Every structure is written in structure tokens, then in C-alpha cells.
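Number of protein chains: 4
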Amino acid sequence: MSLRIIATGGTFDKHYDEIAGKLGFAASHLPEVIARARLTIEAELEELPLLDSLDMQDIDRQRVLAACSRAPEDAIVIIHGTDTMQDTARVLGAAPLGKTIILTGAMIPYSIQGSDAQFNFGFACGVAQVLPHGVYVAMNGRVFPWDQVQKNRSAGIFEAPPQD
Amino acid sequence: MSLRIIATGGTFDKHYDEIAGKLGFAASHLPEVIARARLTIEAELEELPLLDSLDMQDIDRQRVLAACSRAPEDAIVIIHGTDTMQDTARVLGAAPLGKTIILTGAMIPYSIQGSDAQFNFGFACGVAQVLPHGVYVAMNGRVFPWDQVQKNRSAGIFEAPPQD
Amino acid sequence: MSLRIIATGGTFDKHYDEIAGKLGFAASHLPEVIARARLTIEAELEELPLLDSLDMQDIDRQRVLAACSRAPEDAIVIIHGTDTMQDTARVLGAAPLGKTIILTGAMIPYSIQGSDAQFNFGFACGVAQVLPHGVYVAMNGRVFPWDQVQKNRSAGIFEAPPQD
Amino acid sequence: MSLRIIATGGTFDKHYDEIAGKLGFAASHLPEVIARARLTIEAELEELPLLDSLDMQDIDRQRVLAACSRAPEDAIVIIHGTDTMQDTARVLGAAPLGKTIILTGAMIPYSIQGSDAQFNFGFACGVAQVLPHGVYVAMNGRVFPWDQVQKNRSAGIFEAPPQD
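These protein sequence lines are chains A, B, C and D, in that order.
Take the first sequence: its position 85, counting from 1, is numbered 85 in UniProt numbering, and each next residue is one higher.
Take the second sequence: its position 106, counting from 1, is numbered 106 in UniProt numbering, and each next residue is one higher.
Take the third sequence: its position 40, counting from 1, is numbered 40 in UniProt numbering, and each next residue is one higher.
Take the fourth sequence: its position 74, counting from 1, is numbered 74 in UniProt numbering, and each next residue is one higher.
No wet-lab data here; the hints were simulated from the structure.
Remember, predicted model here, so these are calculated numbers, not experimental data.
Heads up, a few of these hints could be off.
Identical chains blur together in the list; that is why a pair holds if it fits in one copy or across any two.
Here are the simulated EDC-like pairs of lysine to aspartate or glutamate, each with C-alpha atoms no more than 16 Å apart in a straight line [unchecked claim]:
1) K22 x D52
2) K151 x D83
3) K22 x D83
4) K99 x D74
5) K99 x E73
6) K151 x E18
7) K151 x E46
Same shape as in the complex, but just chain A:
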């Protein structure tokens, strides 16, 4: 089993900039996060431009799609901002990728007390190895198919959309 981990930014990877006095992006925390996991499976980290997912444009989602498409691995974990995770999931889900792709992120940055980042990353690394090919969102300890998920922004959780 080998795993590709694609970093795209999002809350998970935000950094406190002490000069500006706000959260933004600097070097990814993923190398540290991965080292802590003590993986013995092969894991390849690919860093795309780190973005707040509210700033992601079509071209950014196409870049994620291209990275998934050319990856030699069958199992992919994408670290993504939560606000438009469902949109990127739809771009990937509509493509014939033939891989197991899990999008995850965090409600609290890895670098902040009480973060859910490591749990979510562990959860995603687990289900990426076991689920059948397809595109999924994994948040709140739950797996959602790419076309059956939405972020409830006022509650800060992911949920299945209401059925028609």
C-alpha cells in the first residue's frame, strides 16, 4: 500500500504570522504531521499552493484534479479548506480517476490548541486504504460520498444534504 498526501492549505495548515498578527500560510505543517504518524507504509507528500479554500478558483481545483490524475498511487488524501471542500470534491468526483480519494481538513488549525487536524488526517489515511475507488469527504469522524455532503457553516460540521 502506498499513499499520496496532497496539501492545498485550508484551516488545517494555517500558521500564525506574528508580525502581521493574523493567520495565513507559511511552510506546510504536513511534514511534521506525517512524521508524528510514524507511518511504515510509503507516503508521498505533494504540496500545491497553500490557499484559504474561499480563495480557490476553478483553476486551483483543476490543479488538484491534475495532481490526482497523474499520481501513481491508488490512495490519495487531500488536505483542503473546509469552506469549499464539497466543491473540489465535485470536480474530482465527476472525473474518471479510478482511485480512492479522501478530502479532509480541520475546523481548528493544527498549530492551535484543541485542533482536530491530526484526528482527521489519521481518519482519512485509514479510510483511504480501505474504501473502494471513489471520491469522499471525511470530517467529524464520518465518511461522505462526494455528492452527498455539505458544510453546515453555522454549526461548523459536515452533514448529508436534505433528501428531496
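Place chains B, C and D on chain A using the hints.
Relative to chain A, chains B, C and D alone:
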């Protein structure tokens, strides 16, 4: 989907006792660990006596087996010491439980810098929901069937035993 | 020896709001910070409204002055935002308070990895007990008299202003 | 003002050895602790052998004395185990050093959740710059002269010994 989480102690849950000046057990960290995960699935925590797994006797493993057996949930995550995780896995694996049971733990306590506890817990919560019924050990980002795993103590990793 | 600790907010005490996705104020971290210090001297925490120091108005600085003035303790530590710490120091320094007052804060919030909050708080609690009456700023491991300090915002450090 | 920081081990600097499954010593945490403090004063770190203070012999205390004696700085902070801090303080206090020397340590290692290490280090760095020449122990937010301090091991705090 609902999940039972069984705490049995181990390195994962060790606490620094500042009077004694050493690591031992006090209140479990699992309530905090679970809260950080922001689960929206049902999750029931059951705390068994917290033990160093080197101190576990047959009776302690039978207690874990009994807890798995009477659990109404189909998916169970057991937090366990790493040194005898494979022994408890064998006790559970030999029993006809008809559930998906994942044993996990940590090489560094949750309360210590650089811990793998949250990653492992997330990983276990993920695969517990997806793997077919059976007993598994999940460590180092990898899933092992209960009868094909051993701890390599000098390297500090879990691995498949050598094939005959 | 007894100590008054006055919380006014600032970077030190910022909290990540996971619904809004940004840093702001919630319950102060000072009770936790103080508990960790294992103080055996008397220490009284007084929480004023928690503000970003860029939002502090004259009335807010007058509130800090009033708190210092009515405090029964001789030694006071004020947790304050760094951007206008020197301004509040001037308001206090100009008043005949007859106490030892130390303003401190943090460049990185207490709740974020790599924070200087606890060091600064410890430093301030130390010098508050030892320095003669007066108003001081303590940052970067250094004590500044209230009228000989400025924040160098591009470098993110406190320094003595250039001499005429 | 310039400061010498002498690392001698103790609980403050303990490291979790994940292979042995217990706390011991590895590379000192002091370089990280000092970096977080964002000091703008000169600070020189000197690492002596890192020891549990219960393992310290006369020769080890003489090495600390020699380090203090040859230090060009006037202000010295010594990171030391708590169990025999008072003994080393007595060795230093009896010598005519003509410097301000503060011994401090921690009840919980720097690397463990809830540690008092950074607070104590900050406290010590503050009072080291302000107190008159002499040897002091700084713990629990309090300064003790070297010959008026004892560790109350059952309570886990430092206190003045009972008066005759």
C-alpha cells in the same frame, strides 16, 4: 453508524504524576481526545481499568473480550498498550464476535509533545467503520489482521511477522 | 507577597473561533495559565473587557488605571496587547500609583504552538515582585521603564526609542 | 545585560524515549525554549551533562559551581532537577561568586501538557536581571534565598523551612 471506544490504558493514556515524578494513570484523556474529534456519529466511551499492557493478565484480556461481546455497537475501537496489543488481539480474534474491532495505541502518550495518539485514534475510528467484521491492529498508518502482527520492540514499530 | 493579575486581552489571550474561522476573544486563558504556574504566593486575577489593543480607547486605558489604583496589592501584572502597550504604560506611568506595575503580552497567542505567553507571564511575575515601585513594560526577556519603550512593528520586538 | 543559561537536566528537560517507554534525557529542549522567548538581550546557553538531580554527586555540583565561576556574565539561570536543587544552591551559595544566580526547574517536563517549565524559566530570567548578587531558588512564582528553601516532596512545592 455508531462506535464504541474502549479505554484500557497503555502508553496512549499515560499521565505524568508530578509528585511521584513518573508516568502512570489518572483520569483518562479519552474524553478530551474524543471531544477534539468533533464526531457527529454516535460514540460511546467505556473505561476499563487503565493498565500498562505489560501488567495485563488473562483476566484483564477476558474483561476486554466481555466488553466487546456485550457492546451493542458493530464497530469498536480499543485503546491499548502496545507491548501486548497482539496478545489481546489474539484473545479477541479467536472469539466469534461478529463485529469490527480495531486495537490501537500510541508510541508517545497523548499528553506528550509529538504524540501519535490522535492520528492513531483517528485512523482506527475510520477503518472501524469500513472494514469487514474481524479483529485488527492499526498502528503506523497500517491495518494488520489480528493473527498477522507483531511489535518490533527495538524499532518501535508494528509489522507483519516473517512468513514461514 | 501578593500579586494582582489584570487581563485586558491582546494577542496573548486570543482564541480561535472555529465558526468564524478567525482569532478573537472568548473566556480568558489566564485561569489555565495561572494554574500551570503552581503559584504559592497569593494571586488575584481580575478580568477587564478583553480587547485587541488596537481597539483600545482612552476610556479603556482609564479602566486599567482605575483597576491598578484600587488594587490592594503592591505588585501588578497586566496582560495587554502589544500594539498599544506603550500607550497604556504612559497613562499608568503618569499617575502617582505607588506600586510596581508590569505590562506584558505575547507575540503569539497562548493557544498557538510556539507561543511566548508563558515565558512573558513568568518573567513579569518575577520582576513585579522585585523591581521598585514604578511602571514597566516587560517583553523579549527585558524590562523597559514606561517612558523608554516602543514596539518595533516590522521586527516584532520591543526596544528603547532612539536617544535624542 | 547579558544572561548565561546553564542546563543540568532535571524534570524540566526530560524527554520521552519511545523505545524504552520512559522518560530520560536526549537533546536539551533549552534551545527551543530560549527561541520561543524571543530574547533581545544576549543569552548564552551552556549545556552540562543532563542528569536527574537524584543522580547528582558532589562532582556534578562542583561542575555547576565551576561553570558559574568562569562565566563572564553577571546573571545566571540554572535549569536543575527539583529534588536536590536546594543542595546545589547550598554549594553555590557558600562560594564567593559575586553574581546573581537563579536555580529553577519544573514539576512537569517542558515536553508534557500543562508544564510549568516556561513560566519558571521566564520568572528566573526576570529576577536574574533584577535581584542583587546572591544565589536564589525560584519556584512556584516565588524567590527563596539559597539557605532558606526546601522542597516539600509530598505537596510538590518549594517552601521556606520552619523557623527554629
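Okay, the hints, checked on the actual structure:
Taking CA atoms no more than 16 Å apart as the test, K22 paired with D52 passes in both settings, with 13 Å inside one copy and 12 Å between copies. For the identical chains of this complex, K151 and D83 are intra-copy neighbours only, at 7 Å inside a copy versus 36 Å across copies, given an alpha-carbon limit of 16 Å. Only between protomers do K22 and D83 lie at most 16 Å apart by alpha-carbon distance; the minimum there is 13 Å, versus 19 Å within a single protomer. In the homo-oligomer, the alpha carbons of K99 and D74 lie at most 16 Å apart inside one protomer (5 Å), although the nearest pairing across protomers, at 27 Å, exceeds that limit.
Taking the closest pair of Cα atoms, K99 and E73 come within 16 Å of each other only inside a single copy of the chain (8 Å); across copies the shortest separation is 30 Å, beyond that limit. For the identical chains of this complex, K151 and E18 are inter-copy neighbours only, at 13 Å across copies versus 30 Å inside a copy, given an alpha-carbon limit of 16 Å. For the homomeric pair K151 and E46, neither the shortest alpha-carbon distance inside one copy (25 Å) nor that between copies (30 Å) is at most 16 Å.
Taken one by one, the earlier hints fail for this structure only at number 7.
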